[in-house]
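Chemist: Sequence:
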Amino acid sequence: MTMKKMWNNLNIATKLILVFSMVSVMPLLVMSFVLYHISANSLESTMEETASIFSSQIASDMNGFISDYDALTKSLLVNEGLMDRLDTEIPISQRIENKLFYRELVMRLMTMESEIQSVTIMNEEGGYFQYDRTGRSLSYEELLRQDWFLKEQENSEVLFLTPLHDCSYYDRNRDQILVTFGRRVYGVNGKYAGMILIDLAPSSIIKLSDMFLLERNQYNIKINITDAQGGLIYDSDLSSGRVHYSGIDKESLLFYEKNPDDYIVIEDTTKQLGIKVNTVIPRSKMYLRVSFIQKVTWILVAVLIAIIISASILFSKQMVYLIRKLQSSMKRLENGNYELIEETVGNDELGSLVKSYNHMVGKMEALLEEIYQAGVRQKNAQFLALRTQINPHFLFNTLESIRIKAILNGDDDVADMVKILAKMFRNVLDSDKKNYTVNDELDNIRSYICLQNIRFDNVITLHEDVDQKLCQARIMPILFQPVIENSFKYGSRESGIPIKISISGRLVDEHIMVFTIQDDGAGMSGERLEEVRHSLEALSETSQSEETQNSHRIGLRNIAERIRLRYGNEGKLSILSSDEYGTVVEIRIPYMEQERG
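Under this note's numbering, think of the first position of the sequence shown as -13, with each following residue one higher.
Note that these hints are calculated values from the structure, not bench results. Treat the hints with caution; some may be incorrect.
[Unchecked claim] Straight-line Cα separation of at most 20 Å, PhoX-like style, residue types lysine-lysine; simulated pairs: (1) K281 with K317; (2) K193 with K177; (3) K177 with K60; (4) K193 with K137; (5) K262 with K311; (6) K486 with K475; (7) K317 with K349; (8) K262 with K193; (9) K208 with K262; (10) K60 with K262; (11) K137 with K262.
[As the list claims (entries may be wrong)] Label-pair restraints from in silico Cβ distances: (12) P77 with L200: 53 to 63 Å; (13) T0 with V282: 25 to 35 Å; (14) V20 with Q132: 54 to 64 Å.
Beta carbons: idealized from backbone N, C-alpha and C, even for Gly.
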């Protein structure tokens, strides 16, 4: 609920930026996460495959190495009396001959294998022959005290490859590290007869390919070769000179055994001697490339996020600008300031909203102007009504006094005229206090014609043809009388010329009453007819003061204005025709039934 409230309190620009950024950024983050793990797993699989190839190749090389030196040492055994010639209890000449014999054998051996540094042939009785490529002399007593030598004496295997050891049994270069390939020699009786020892540099055991060296430098790949008991035979860092044997111990070289989760270790075992070849890849080094991919990915993600946020800010700014503009204009509209939004907008929903707002403001301004003008005209009409207002009691009392005076004097015509006039005034004055109907208006025009006929000796003939259904319909007062008065006043010219006036009424479309008033008077010229019609159509353009100055136009214009104010667009007064045959006036107003008391 709190999150929803916080969200609702944010402005629309912030919401747009947040939504747009989340929708765009989340896939980027997910993609980066997936890409990182796919890259790491793919690289690990590749490196495991590469390491497996290296390890398998090195194991194969080791098998080849053992086979080669097995054959090499066997070649010495074909020489009869190999161990017998080591006897020291013989004449000096014989010993010199034996040494030359051994020297020839060893030189041939070293010629065949250039990696051999020293060869030692020794028998069980303590006789030995040793030849070193660099001229070093062997200390036989020191050799017999070497740990590796003592272990191999207890071993019963014919062939063996010792772990790494120093050269302390030589007279110089004692800090050198060697590995010794040995062969145990048995006599024809099957008894132990002696040993053949071949000292080699560890780097000569295997030859690392250029591809491996490249991978090693890049990923810090290590090669460790151990014997069946775990003794270290070869280490790539030692062989390459990266570390010195005197500065480390075996546990340091076999560090990967302590933390196996930090390293990828591929292990192979040779068919002969059970030598183990371990190819070790530090995961931290391997993941450096993944880290590089990760860094590049994060940089790209950061750049893309910055672009996305910038684009969302610009997009939301443009959108919110129009919304805020619309909001500001609506606030001013509430205070009565009708200003249009003068901005270039597109055809999208927001542009359509701005256009609709401008259209609404324009219509409201026009409507307010129309209402204002109507109010002005209504006030003017009320002002005119106030100017002509007469106290009803004073008017009726005065007329009644005149009528009684006329009766006393024997003037019945004057008395009748006063009576009719009083009735007309009463109808008009009481029209706002009751439901004024068509029948009331017809009664009013009858009284008016009767009064004029008394005055002008029956010059007006009235013909009525009004649907009985309309007689009880409500209408505004004094609607027909001014038209009848105009017909008599301008048709007969009040000269005593007889005139016929007819009024008809019918219902159209069940809700519009149409009344037609026609006379056979003089009518109007064409120019005058157009002038009057134009005056009726442009009522709002002529002020009430102008109407007062042109009193001969008040009748029809006043009725037309009252109809428009009362009935709106549903009411209308129009002159259908006016010529030498007379004038026809039509009045259209809504049909409204009389209210029940």
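Chemist: Each of the hints needs a verdict: does it hold here or not?
Modeler: Do the hints match the structure? See the list:
1. K281 with K317: This hinted pair is violated, its Cα atoms lying about 51 Å apart.
2. K193 with K177: Judged against 20 Å, a Cα distance of about 37 Å means the pair is violated.
3. K177 with K60: Answer holds: K177 to K60 is near 17 Å, not above 20 Å.
4. K193 with K137: violated (28 Å)
5. K262 with K311: Violated - the C-alpha atoms of K311 and K262 are around 80 Å apart, more than 20 Å.
6. K486 with K475: Status holds; Cα separation ~13 Å.
7. K317 with K349: Roughly 18 Å between the alpha carbons, so the hint for K317 and K349 holds.
8. K262 with K193: holds (17 Å)
9. K208 with K262: Distance ~14 Å between K208 and K262 Cα, so the pair holds.
10. K60 with K262: violated (24 Å)
11. K137 with K262: Between K137 and K262 the Cα gap is close to 19 Å, so the pair holds against 20 Å.
12. P77 with L200: 53 to 63 Å: holds (60 Å)
13. T0 with V282: 25 to 35 Å: Holds - the Cβ-Cβ distance for T0 and V282, about 31 Å, lies within 25 to 35 Å.
14. V20 with Q132: 54 to 64 Å: Since the Cβ atoms of V20 and Q132 sit about 57 Å apart, the hinted range of 54 to 64 Å holds.
Consistency with the previously given hints fails for numbers 1, 2, 4, 5 and 10, ordered from lowest to highest.
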